[in-house]
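> Spelled out, the chains give:
Protein chains: 4
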Amino acid sequence: MFGKDFLFGVSMSGFQFEMGGEDSLDPNSDWFVWVRDSVNIASGLVSGDLPENGVDYWNRFKSDHDLMRKFGINSVRIGVEWSRIFPKSTKDVEVEVKKDGTAIRSVKITEKNLKELEKIANMEAVKRYREIMKDIKEKGMWLMVNLNHFTLPLWIHDPIKVRKHGIKNVEESGWYSEETVIEFAKFAAFCAREFKDLADAWSTMNEPQVVSSLGYVLITAGFPPSYPSFEAYVRSSINLAQAHARAYDSIKSMSDKDVGVIYSFSPAYPVDGKDGEHVDMANYYQNFWFMDMITSGRIGKLFEGSTEMERTDMKDRVDFLGINYYTRIVVDKGGPMGWRILGGYGYGCEPYSRSRAGYPASQVGWEIYPKGLYDIIRMLHERYELDMIVTENGTADPEDRLRPYYLISHIYEVEKALSEGYPVLGYLHWSFMDNYEWSKGFDKRFGLVQVDLESKSRNPRPSAYVYSEIIRKRTTKGIVESVPYEV
Amino acid sequence: MFGKDFLFGVSMSGFQFEMGGEDSLDPNSDWFVWVRDSVNIASGLVSGDLPENGVDYWNRFKSDHDLMRKFGINSVRIGVEWSRIFPKSTKDVEVEVKKDGTAIRSVKITEKNLKELEKIANMEAVKRYREIMKDIKEKGMWLMVNLNHFTLPLWIHDPIKVRKHGIKNVEESGWYSEETVIEFAKFAAFCAREFKDLADAWSTMNEPQVVSSLGYVLITAGFPPSYPSFEAYVRSSINLAQAHARAYDSIKSMSDKDVGVIYSFSPAYPVDGKDGEHVDMANYYQNFWFMDMITSGRIGKLFEGSTEMERTDMKDRVDFLGINYYTRIVVDKGGPMGWRILGGYGYGCEPYSRSRAGYPASQVGWEIYPKGLYDIIRMLHERYELDMIVTENGTADPEDRLRPYYLISHIYEVEKALSEGYPVLGYLHWSFMDNYEWSKGFDKRFGLVQVDLESKSRNPRPSAYVYSEIIRKRTTKGIVESVPYEV
Amino acid sequence: MFGKDFLFGVSMSGFQFEMGGEDSLDPNSDWFVWVRDSVNIASGLVSGDLPENGVDYWNRFKSDHDLMRKFGINSVRIGVEWSRIFPKSTKDVEVEVKKDGTAIRSVKITEKNLKELEKIANMEAVKRYREIMKDIKEKGMWLMVNLNHFTLPLWIHDPIKVRKHGIKNVEESGWYSEETVIEFAKFAAFCAREFKDLADAWSTMNEPQVVSSLGYVLITAGFPPSYPSFEAYVRSSINLAQAHARAYDSIKSMSDKDVGVIYSFSPAYPVDGKDGEHVDMANYYQNFWFMDMITSGRIGKLFEGSTEMERTDMKDRVDFLGINYYTRIVVDKGGPMGWRILGGYGYGCEPYSRSRAGYPASQVGWEIYPKGLYDIIRMLHERYELDMIVTENGTADPEDRLRPYYLISHIYEVEKALSEGYPVLGYLHWSFMDNYEWSKGFDKRFGLVQVDLESKSRNPRPSAYVYSEIIRKRTTKGIVESVPYEV
Amino acid sequence: MFGKDFLFGVSMSGFQFEMGGEDSLDPNSDWFVWVRDSVNIASGLVSGDLPENGVDYWNRFKSDHDLMRKFGINSVRIGVEWSRIFPKSTKDVEVEVKKDGTAIRSVKITEKNLKELEKIANMEAVKRYREIMKDIKEKGMWLMVNLNHFTLPLWIHDPIKVRKHGIKNVEESGWYSEETVIEFAKFAAFCAREFKDLADAWSTMNEPQVVSSLGYVLITAGFPPSYPSFEAYVRSSINLAQAHARAYDSIKSMSDKDVGVIYSFSPAYPVDGKDGEHVDMANYYQNFWFMDMITSGRIGKLFEGSTEMERTDMKDRVDFLGINYYTRIVVDKGGPMGWRILGGYGYGCEPYSRSRAGYPASQVGWEIYPKGLYDIIRMLHERYELDMIVTENGTADPEDRLRPYYLISHIYEVEKALSEGYPVLGYLHWSFMDNYEWSKGFDKRFGLVQVDLESKSRNPRPSAYVYSEIIRKRTTKGIVESVPYEV
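Residue numbers (the working numbering), protein chains in the order written: chain A, 1 to 487; chain B, 1 to 487; chain C, 1 to 487; chain D, 1 to 487.
Hints were generated in silico from the structure; no laboratory data involved.
Certain hints may be false.
Same chains, same label: a pair holds when it works inside one copy or across any pair of copies.
Heads up, simulated DMTMM-like pairs for lysine to aspartate or glutamate below, C-alpha to C-alpha not over 20 Å straight-line [as the list claims (entries may be wrong)]:
hint	residue 1	residue 2
1	161	179
2	4	200
3	161	231
4	134	171
5	108	454
6	456	49
7	196	23
8	98	316
9	333	275
10	371	399
11	477	399
12	333	49
13	440	452
14	139	277
15	440	56
16	115	385
17	440	350
18	88	179
19	477	66
20	91	172
21	333	118
22	127	308
23	70	469
24	477	452
25	473	437
26	444	350
Every value quoted in this text rests on a predicted model; they were computed, and no experiment measured them.
Turn these sequences into a full structure, and let the hints steer you where they fit.
What follows is the structure in structure tokens.
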């Protein structure tokens, strides 16, 4: 049974949802140029679909919010686009920075700075974001504002140049540069000022580890800049953590609302069922290393020879954990690191098949493993003792064949965690409607509501009615029994 | 848009739903002995599942009706079991029969006969059926009572004996014998007397052609008596038609409600898209031959040398057509009859695969082809100009992966037919809940509502919420768009 | 390493191979009428393919034998058709029978009897068989003559009548009647007289348990008479054993060559890897019960209440075991008998898939499990200590995708058994060329050599070259390593 | 029927075959460092398998040649590794070059130059190559020597640096630099001097377009340097063509044997069966653009705005075409270029599935389309009128399930082309034995002969026996009929 304050909501981002209608274009981000680069398209790194053919939340937000309410949804997470608010550089706004090598220990943004920022900002975009947020609030829904979801302004990151000339030869090198930390702190402060009357909670960023690992290691995923380098991976990871800490400070100086971070967690399981150090290492690497930096302030050992450090300036910078959960990883003891992720499970299944453990796999080949959500909640509680919100959970499924099962079974696991006392405040489904799935384009359909990209009409999938019923009942009991799911 | 009187309902039968609880056993039917025959089980003809482990509608009908109402369902079709009401023979009740060779031209049942029948009848069973019907009525739902759904009392049909000794050497030979026609007329008259204050409409029987074809030709389907004989196939088909006509007369003499028949229609399509005589022949054989007998009174030519006849005593004996639609057939010109059904389409697909035409196939390997429902409505209207009710439509799908799509797309086709003026009065889904799927047992799950066979608990599948929403809106508009279905 | 006397050969039968050319028709067997019965075809029990469109070994045997020699084949098993040699009844030939209830304890056939039989026999057919056998011998190949392979003369068994009227109402009731035992003894004696100068070994019959189980229990397999009856199953099984014993006596009275029986063995394995009584029971039922009757003379307990008996007149009637091996069975403790065969293994796989244990499955859904051949050799040796010949082993595989692997791995297992001292005299592959696969027709292709049914041309598949190479080398060493097969 | 001089052979390369045994390591090539780069392994661009665990042809060539002879093989193509012969730079050897911008119009290598090169060369490697070639010749086989198969010496190309710093910031930039053309001319001249007494034919390079397209566009294929750039793609393509021309001149100045080039051809087919300009464009781009440069000397228009040029110094530089054929491409009119390659056909199928046209697909997802080999032979003859040799054709198939079919059907198409008078001199299968499949590692098994990587033992697959039989018969007649292949 979920309490009456439990947040049943949906998550969205800026880049994936906003464009598609009149005056909705934002051409100033790295992703905007990335997905239309002809070599990227020719090489198959990106789909060739373009975000300007999207679902146009920018103009249609009011009817979208109405539809949410109809289904009983009481909370929404949105993203604001840095490149919309600051299409031009903010580097000339001089702020007080305490720097120590590559460590940015503090960034102080004064009211004067904020006024300078306002002059640079696109205040039309700010206005539109306020209208969106106000409409959410007026319709009685709780609002989480997330400040960064993958995209960076072009003046901070030109991924085509990075790949062409090498990361060290390019000024706009994104999270590889600690300068980006400072600019992000400015952006966060400015957003806090502009939106603090509307936001019920803040998140600084979404899935930082995806940005660094897909950008700098797993380059076939098609994320900018697809520039393979372990050094860039580690450096950008640490800069993202610093950026979070400094943005946390910025927001907290102006708003008393909670500030969290959203992270994609994937609990590790031993393939043979036998726990061991290799499983712990996998979990550390996958789920804890980043989070440790901004809770205990410890930059831990990532691999042989990597820097370890204590950073008190990064300590205790999280009020709640935003949990994105899609699937698990299954590991054995192989590989040079003493553990490795096995194919046939987790993210490594054939589309629409079964995993090696017999669980169904989604349209994008992700194993559906509901128990993993419960397990990660438990693990995170044991390590961090923070409030938690499930900030993403969903599946690509245009025909809605697996989503009802997916939805019911995962919410069941949240209900179970709650009944055992774990402090989970909400469940925000990814996502309310179909949207632009980054390098994969429009083909991957994650919506409770289908969107016809021609007419932009919204059509609820069966899952929407199921979600509505769970929200109404505030329990999965009487519904979870209908799906063939071991409970 | 469906009118406010449109029947949105569910269909059930006796044998498949009743047993499972206290005092619910009915051991007196052919199917009861058939599914527990050890040779049948050993040979794989039947599943080995037993109906007494079923969903116990016999005792749980009140809460089941409550659940139906909750989802907005406004109409129910139930079946009564001949073997429950007459566990013993009614042959000794002498009635006036006009007989002409094997033709039973009329059966007159007097009030005196009915009183004699009452003495033989199990009035406890009658009482329970009345309670069930009353509860349906009291909850504001429209009721159709169907008198025969596959099962026969053992004193009329012992399928084990038939197979063992040959059909001519066995007295209780079911529909092979025209004597069964007379007994069925008695049973119908008796039911009309007992239930006429409660039934809103009557059906004499369900899918007569399935009884004869699976019983006497397609013997690997596991239907009693699995005794292969073309002669028995034709004879039982004609006897079923006669039985319908005589039951129609019986009921009409006592009730002014409409009397129809329920038939499993499968429109035929040419594999190459080119219409022709072979397609007409396929449709005649599959969909019209039986229905012609009881509308125009014509026993048509089934194959070279078969009897043709005019039977005015069978003419105009249908007030409405009950359409069971599951899938289509696809044909070419091959085979000895000049047409033949092709595998890879219709009923002949691999489970959970795609048909050769690219449509998804269900758990039992049936192609999902919604347009066929519209087409058969059109074809039947052109030939018979009778009111129509969709009396069955559904799919085996324990994980509810295809049912939402199935449900939405088929109701859409009904809506389309209605909008074009075809007289369709209702849509009754097969079925409300999981039940006993004849020789296939409990493994095949056709319910909007899942049933746990241990606890007997009812748990709505996602489809139930979708159906509820369509009923509430009285249209598929805004819902059908969410499924990837060509409209 | 196989010794120089090791028999590397092929197996064939009469009905499946002979017809297809001039004067090759034999319309006098039960199978001939069975496969063209229109209800059988309509019901899908048989394929509709007809044996008269077959490969015409009857006329083409010489070139077929030449092709065998080209590939190094040194041994052939053929079948003679009872219905060819005795198209008319031999019942009027009075012989001396010792009978004891249904037990036929001895049948004495005198020279006078044989002369009477000669008058009834179709001596043209005898002549042709002698030509075939002579050609085999002249080409230096070893010859096994098998007397019965599924088919019975129509005057002994009319399966259409049996099914129509019930087995007790039909005189020609095949192996259900102990009279058939006597006629078979006559036939065996006559064959021995006619062919004793040519045969190097005799087999009385092929796979007796398939005849009784598919004919009387597993009726969806489409074997005559598809008449379900446990009584008929047991009775025909015992009569087949008696028939073997009496035929053994007949042959031995005239020929000093070895007389064996061919049986389809399928070793049982526990699904959980744990041996137990249930596995022993499965093996007893599947592999030993029949064989015990004709070795130790013991009719064992088949199920609760079945007759047990000692029959000294049936004891020691086997000189060698003909092992047909296709796949195994996997069992657990379930079911009414305390053991049952599980689907997903052995004969119960999806065509061209993988078994649940990960082994590939053939075109007919049979798991490829080479180790089972070694295991059954070991088990049979332990129980009977008789010489053994692999008389069938092969796979349906028109594209020859699995056959090379199948062939190499199974012969490897024979080589292994031989190297450990088990007395295996030969390996006869099923089969040399494509042929008529009973109720499945021509679609199932078991040949090392493909046959074009139009032109009747013979075209060796890759497997033929592989077999040839193994024969040449007399070992699988250097070849078995090339297939991904755990050894 | 193939003539007695027809070359039935096998193709090999250096890098994929040589390493694996004592003193066989060559650490001086770009591929050697590429496949062990830790970011490449972590990102999944390469398999993690290492070539030093390979099949060790370097030491085992004698027994390998013996095994070839056993199967009747009469011709071999080998590759020599530039990095073995010149592990150190040859740039200091000054030669006379006629240069015109980026055009290298001639490179004159004098006897003096060759002597200088000899001092730089690793003469131990030269000696070993001579031993290998001599053994081939002594065993009566025809020898083709190919000078470049994908790998470049590290002093010419460091792909890790290219990707890290950008191609323009790196001196060793491979085929992107026209300086490489000059060094290749030196290498070719040196090889001609050292091996001219042994080679029966020369090829300058293998699949130049694969090097440029996978290196600079289709970067997920894992080929060095995986640096996406259209400019680099075009430039390296032209440099490869120049390099061929200059190498041709080098060799011709010293040897009177034919000099060809090996190219991977993939004929284009319209998806709707309708020919048109888009198909011609696809064929031009895929099959002719490169070849035109070195036959007619014309650098054609590759896309809007690309340079067109006549280069008489590149004209008539091919004596024969080496055809590598694996599969076709299927195109429609879509895409920015007016034609595009469709998935579900050709190289774009799911592994071990069927293509959309129903043809089987290999372990690496390549459609098996034998007719394409005939078609490309015809198309090439019409355009170039040169002698042709099939220099590669084969399939990844560890279990040898598709290879027999693949082999027979493709050789059949060659036989057909030959019978119609097309000048095809030979068929060299890829490959004799399993080897290192570049970024895919050892998992992809292309051998007629399986190799156990532990013991290095060679075990012929069934296909080897089939190939042997075709060679013996010099026809596919009597064999091709055994595979279900439309001819």
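> At most 20 Å between alpha carbons: which applies to residue 91 and residue 172, within, between, both or neither?
within (12 Å within a copy, 37 Å between copies)
> Check residue 139 against residue 277 for me: Cα-Cα at most 20 Å, and say if that holds within a copy, between copies, both or neither.
For residue 139 and residue 277, neither the intra-copy (49 Å) nor the inter-copy (57 Å) Cα distance is at most 20 Å.
> Which holds for residue 4 with residue 200 at a C-alpha limit of 20 Å: within a copy, between copies, both or neither?
within (17 Å within a copy, 44 Å between copies)
> Please work out whether the CA atoms of residue 440 and residue 56 approach to 20 Å or closer within one copy, between two copies, in both situations, or in neither?
within (18 Å within a copy, 42 Å between copies)
> At most 20 Å between CA atoms: does that hold for residue 196 and residue 23 within a copy, between copies, both, or neither?
Result: close neither inside a copy nor across copies, 26 Å intra and 67 Å inter.
> Under a CA distance limit of 20 Å, which applies to residue 444 and residue 350: within one copy, between copies, both, or neither?
Both: 15 Å inside a copy, 19 Å across copies.
> One pair to classify: residue 473 and residue 437, alpha carbons no more than 20 Å apart. Within, between, both, or neither?
neither (32 Å within a copy, 32 Å between copies)
> Up to 20 Å between alpha-carbons, please classify residue 371 paired with residue 399: within, between, both or neither.
For residue 371 and residue 399, the Cα distance is within 20 Å only across copies (18 Å; inside one copy 24 Å).
> Quick one: residue 440 to residue 350, C-alpha cut-off 20 Å, is that within a copy, between copies, both, or neither?
Both, since 16 Å and 18 Å are each at most 20 Å.
> With identical chains, the pair residue 98 and residue 316 could be close in the same copy or across copies; at 20 Å between alpha carbons, which is it: within, between, both, or neither?
within (19 Å within a copy, 69 Å between copies)
> Under a CA distance limit of 20 Å, which applies to residue 333 and residue 118: within one copy, between copies, both, or neither?
neither (53 Å within a copy, 49 Å between copies)
> Under a CA distance limit of 20 Å, which applies to residue 134 and residue 171: within one copy, between copies, both, or neither?
neither (38 Å within a copy, 58 Å between copies)
When each numbered hint is compared with the structure, violations occur for hints 4, 5, 7, 14, 16, 21, 22 and 25.
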